[in-house]
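Novice: Listed below are the residues making up each chain.
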Amino acid sequence: MSDVATNKRAQRQAAGPYGKIGQTLNELDDRLGIAKGGRTFMDKIFPDHWSFMLGEIALYSFVILLVTGVFLTLYFVPSVATVIYHGPYKPMDGQRVTEAWDSTMNISFTVRGGLLMRQMHHWACDIFVGAIVVHMARVFFTGAFRKPRELNWTIGLTLLILAIGNGFLGYSLPDDLVSGTGIRIAYSIMESIPFVGSYLAFWVFGGNFPGTATIPRFFILHVLILPLVILGLVGGHLFLLVRQKHTQFPGNGRTEKNVVGSPMFPVFIAKTTGFLFIVGGITALLGALAQINPIWQFGPYDAARISYAVQPDWYMGFLDGALRIWPSWSFMGFGHTIPFEVFIPAVILPGILFNVAYLWPMIERKFTKDNEIHHLLDRPSDRPKHTAFGVAVLVFLAMLHIASSTDVIANFFHLSLESTLWGMRILVIITPLIAYPLAYKICKEMQGYRGSGKRKTHNIVSRTAEGEYVATPTPAYGEDVGHELDATPVPTYIEVEPDEPVESGVRTVER
Amino acid sequence: MSDLEEHRTPVSLNGLSEDDLRLQPLAKNPQTVERVIAVTFLVGTLFVAAFGASYWVNAKPWILGATMGAGLFLLGVGLVAWGKYLMPRGPFVEERHTLANSDADREALAAAIVERGGSVVKRRKMLAGILGGGMGIFGIVALFPLLRSLGPLPKGTLFHTDWKKGSYVVDQTGRRVNVGDLAIGSIVTVFPEGTENSDRGQAVDQTVLIRISNQNFTTQKGRETWGPMGYVAYSKLCTHLGCPVGLYEQQLQLLVCPCHQSMFNVTNGAIPQFGPAPRPLPQLPLYIDANGNIRAQADYDQPVGPGFWERHRVTGSKV
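Protein sequences appear in the order of chains V and P.
Residue numbers for the first sequence follow the working numbering, beginning at 1 and rising by one.
Residue numbers for the second sequence follow the working numbering, beginning at 1 and rising by one.
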């Protein structure tokens, strides 16, 4: 018995004070040299602010997309070969459908958990693009894109474009009536490009519309090529984030030369893992309780049929809206046609939008002549022109988005289509022009009232000996003042040799 | 355990006392918070287990999602609360070091590239030139198979449909349309016989056949014989983006595209009356044969569907 005990004691002593885990870490350090860098990484500071969570939503919905997407690929058949549908959904029984549509129906009705996975995948995609947009707005309005983070702004914008593109491809895969109409429109947009349009469309679709190559090509792009590129860019995005460290809002003890917040381990890890679960949980609840893309109601794609009040996924709305309200100006002459009625709203407009966004850090530097490195964020109200411009662009996009529902609006409010169309045309131009001065004014107002939203304290009015009255504001309520303590470096837990005096045996860890 | 404690002497916290406020949890009553989090974790775990059970018995999809979602959500909320309220509240700080290196280091890198590399290239300009040319040419020719193998060239395919002289007009089931089939004011989607089930037939040849009363019909110049007995046929592809013009407003005699609300007046050459479509729908010339079958006089006289660069044959002009 005692023999066993001594053995155990010997083992423990051999393992060192941190036991099995410490031993494993030592073995790893022998081979990979991880101790120093690993320690630094554990101590990495993440600033605490709710707006830094927006990028996390995007990241975690991408994780959900990968997991649910892998599930879906196991059952989806990317083929447009015709089969006769015989499945549990009786209204479609005996219809000629494509294998893509048939297998999506199979996922929805036969595969266990399939419908949930499909709906979660679709919801996660809508959340993914939405979170990227809101995250990008945060980065824009707080000036986080400035030097040294221009490259990460560029990567993020590329991720947005890829997310929208991959969303559209995935939306098209089930080969249902609504998404098929979307592909038809995409084909026509490609065709509208001067000089190369018809060649481009033929090469992408493998021939004249509808072609047979669409679904297989979209499939491989959607499940392999674009996810790989997105994954690589997400890796680059996060690498730059770690390398350049976080931005932070100005505040108590926060300077351009430090980062104040919670350490990576264990505080941030706990919070962010919890947040992953929360995003997953909400996506699952949406997938369970909110129906999305019910392809059995749309039926399979048939180029000669169409559904009424069709709308694309939300992130395509601004393009659809632009296509609706742009006038029917087509150029015909010199033996050629330029379909400006399509080319301008669907190619030139997003081209300008995204190129301005790519060049924005450079454009702004031209105006501000500011080439300094910034790690402290701006409060949007402190940069009224910048903020007002961003608001105006967002309002413009929101109006285009609303314009993609002209038919629904006309029906709902019992208006004529013509007045709805003209109303939207006017609103798209007028509202950004109103939004700019309004946002500018609000920013200016907010600059005047620091600490607005906090409880007012009373003033003490006193009369001086000379008879002058002086109002002195009393200090703010304790709970209203940021009760942030002064920041301290993450404590170094120092291992002390057992039998020696505490001071002499200190082994400090180099950081 | 006690053996281990022997070695774990009191730690020094780098100048912080162990009861430093910043090492304490944010919660005022940590015990209560711990209990609440424990309950959250417990209920979350029950939901996750319920998800497993409902999957096992093949419950309805919404039950699967609701149990999984509630379980993940509660576990997540508990974990966030643990991190926020029970772990050292901080704040902690970390120095930020400049990423830029010293001028000497920068110069060394630039010199290595410009001087060392540049001198090699400068000395062998011809080699570098030929190599650059070869790689450039390969870069360009590599694009040929990448692009060209993807699909055929458009050639004339965008200019023609499968409608030919004498094509029988059939509906989606393949039945030939006879002159007595349609009541005045009604509409049917038709195809040239034999293409009604093909992808191309549905995508390119689709045509709407409408019987309108002759009195309010305005004949276009040169199309006097195209609409016999009130039967007129227009391409069903919207000239805006190629959606099927699938809505027919019978009273106003307008064809409406559900995609972007272009409207075409069928009594007047399908000229667009509203919306973004720039051109009328091409009209198919019809005739009625001796048996009363409706047939095509010829193909469309212009490309159907949306515009493209080579679409130079403008409305109305004959091939």
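Since the hints were derived computationally from the structure, they do not count as laboratory data.
Since this is a predicted model, take the numbers as computed values, not measurements.
Glycine included, each C-beta is placed from N, C-alpha and C at the ideal position.
Hints may be right or wrong, so weigh each one.
[What the hints assert, rightly or not] Pairs of lysine-lysine, DSS-like flavour, derived with a Cα cap of 25 Å:
| id | chain 1 | residue 1 | chain 2 | residue 2 |
| --- | --- | --- | --- | --- |
| 1 | P | K84 | V | K44 |
| 2 | V | K20 | V | K147 |
| 3 | P | K60 | V | K245 |
| 4 | V | K444 | V | K385 |
| 5 | V | K456 | V | K441 |
| 6 | V | K147 | V | K8 |
| 7 | V | K90 | P | K84 |
| 8 | V | K44 | V | K366 |
| 9 | V | K147 | V | K36 |
[To be verified] Beyond 12 Å from chain P on every Cβ pair, some chain V residues (computed):
| id | residue |
| --- | --- |
| 10 | L54 |
| 11 | V83 |
| 12 | L116 |
| 13 | G235 |
| 14 | E256 |
| 15 | G261 |
| 16 | D313 |
| 17 | S328 |
| 18 | I429 |
Novice: All hints are to be evaluated individually against the structure, with a verdict given for each.
Specialist: Status of each hint after checking the structure:
1. P/K84 / V/K44: Holds: P/K84 and V/K44 sit about 17 Å apart, inside 25 Å.
2. V/K20 / V/K147: violated, 45 Å
3. P/K60 / V/K245: Given that 25 Å is the threshold and the Cα spacing comes to 46 Å, the pair is violated.
4. V/K444 / V/K385: OK: V/K444 and V/K385 at ~10 Å, within 25 Å.
5. V/K456 / V/K441: Holds - the C-alpha atoms of V/K441 and V/K456 are around 23 Å apart, at most 25 Å.
6. V/K147 / V/K8: With a Cα-Cα distance of about 57 Å, the restraint between V/K147 and V/K8 is violated, given a limit of 25 Å.
7. V/K90 / P/K84: violated, 52 Å
8. V/K44 / V/K366: violated, 34 Å
9. V/K147 / V/K36: violated, 29 Å
10. L54: holds, 16 Å
11. V83: V/V83 is indeed farther than 12 Å from all Cβ atoms of chain P, at 14 Å.
12. L116: Label violated. Min Cβ-Cβ 5 Å, cutoff 12 Å.
13. G235: holds, 19 Å
14. E256: violated, 7 Å
15. G261: Contrary to the label, V/G261 does not stay out of reach of chain P, its closest Cβ about 6 Å off (not over 12 Å).
16. D313: holds, 15 Å
17. S328: It is violated; V/S328 is separated from chain P by about 4 Å at its closest Cβ, not greater than 12 Å.
18. I429: holds, 17 Å
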